[in-house]
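A.B. asks: Listed below, chain by chain, are the residues.
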Amino acid sequence: MPEPIFNIERVCYRYGGKYIGLKDITMQVHSGESLAILGANGSGKSTLLKIMAGLAFPEDGSINALGKPLTQDILSGEFAGFFRSKVGFIFQEPDVQIFCPTVWDEIAFGPLQLGIEKSEVRQRVDDTLDMLGIKALKDRQPHHLSGGEKKKVAIGSVLSLNPDILLLDEPTNGLDPRTQVWLFELLEGLRKFKKTIIMATHDLSIVEDIADRVIVLSENHTIVADSKPAEVLRDKDMLLKVNIIHEHTHRHGDVVHIHSHGPFARHDEH
Amino acid sequence: MGLSNGVNIPEWLKKTGEDFCPSCAIGGGKGFIEKNIEAIASFIKDVLEPDGFADKNGLLQQIDPRARLLGVLLFMVAATLLKNALSIVLLLSLVVFIALASRVNIMVLLKRVLPALIFTLILILPTVFNFVTPGTSVVTIYKGETFYLYISKQGLEGMAVFLLRVLAMVSLLTLFLLTTGYPNVFRALQSFPIPKIFVIALSMTFRYVMVLIKIAEDSHFAKKARTIKPVTLKQSRDWLASRIWLIMERSMERAEDVYLAMTARGFDGDVKTMTVFEMKGIDYAWMGVSIFIFLLSAQL
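If you read the protein sequences in the order shown, they are chains U and X.
Heads up: the first sequence is residues 1 to 270, going by my numbering.
Heads up: the second sequence is residues 1 to 300, going by my numbering.
Any given hint could be a false lead.
In silico EDC-like pairs for lysine to aspartate or glutamate, Cα to Cα no more than 20 Å straight-line [to be verified]: (1) X:LYS223 / U:ASP105; (2) X:LYS223 / U:GLU170; (3) U:LYS228 / U:GLU188.
It is worth saying that the hints were derived from the structure and are not from the lab.
Note that the structure is predicted; figures quoted are calculated from it, not measured.
Build the full structure now, drawing on both the sequences and the hints.
C.D. replies: Next comes the structure, spelled out in structure tokens:
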């Protein structure tokens, strides 16, 4: 078995040193995996992603990323450049991610920092704009775009770095159905080229399409399942318990029945 | 260009690199701007989210917030009226007693008071010298034919009294904030003859400053996640300026939205709340003690 790109051992995290965010998290991620971290709101999904991105650091336990212990110190030296170019983080809120005067500048920001030739940067930006279907927006100010357009710019600003590992926090949040489908297709495409995709979500409908492994976080901030999507989605008791799906009573003509469903209803009990 | 499910993935994006970097060096530290963003965020969070003393069953917590606020204000006025160090020390002892009776950790109180004390000390330091407060020399710094510089006894006494006064006043205010919790602070303020719009504006500021801090922190993280090589100070400054602008823009948008949401739910400038404060025996006793201390300090 090759060395994992992320090795997380008994990680605990508290918000502001007070409220528990993650409790005793142990997991590994291998290169090329497509992993979904499922959990209800407040279960610690985003925090786990931030720890993997070296943006937050555990109170207890350890995390090794790309063969090195991920600490604040290590992320200030030469390894930081390597790590940041390998690991792309797409935030849930695109507004916090975009800070350049135009869409074009935003997408060029990362490659320019990598020290890539200017002609190559131009090519990358044009390709990215083309891939995202936002060429017409290239001279616009990112803050004046719609929510979906901002999300595309945020994704483009990370993809232009060509990261091998993509961390996505609630990627479908605030996207209209058409943009969601576009995102699935993009992630599916990247997966084919051995990119590692790790996303935090509570959206069950995307799990089977995108992930080949699912980790479920409970509301107690611990891992309660780590398995293949089909197996996790079959375990309705567990999904109910962690509050990802809920029981729902409704009527079909004269018949009233109870069944469970989550967002994007899985009505397989009819 | 390749075609994958309708999304054109460029050739360069299909390439992957080495997973590990054994030769990468480790080292360095946080930059000036990063340290400051973290420190400011942590400080504001610390101030706005007191450590749960408001929920404890202590002396101040049992007193009606209005009486609590009025009493603390009277104590603070008393601290300004007291002229000698000993009487202020006695008042301080009373503050410590109230803090202990209210189950407030003295170290936490001290930690919050200390910055104000240090700041005051720096500001009033020149007053110990004879060119501001002449008097009896305690320490001679320079004695020439035309110029004489020394630390005066009167200057030192004046500084000590002033520092003790600041310590008492800041401790009282901090004690009130620690034991009250922000919702009740604003409710108590509404009972005073202060224009309601000021209290509402203050309360909204406190509520949304946390949201804005979150935006600032996340923006910093987002930049950090895309920072591959160290940036120059100028680049950092430019980024900081753009973030300040973003936060200002976001806060203005948010203010507009919040106001519209309030208007949509019937807000007409006058906030009506369910909270009914009731004065009890302990509240009157507290008020009595506060008024007594206030009157006593005026006589001393």
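A.B. asks: Each hint: holds or not?
C.D. replies: A quick look at each hint next to the structure:
Our distance criterion of 20 Å between C-alpha atoms is met by LYS223 of chain X and ASP105 of chain U, whose separation comes to about 14 Å. Note on LYS223 of chain X and GLU170 of chain U: the hinted pairing holds, with a Cα-Cα distance of about 19 Å set against a maximum of 20 Å. About 17 Å separates the Cα atoms of LYS228 of chain U and GLU188 of chain U, which keeps this hinted pair within 20 Å; it holds.
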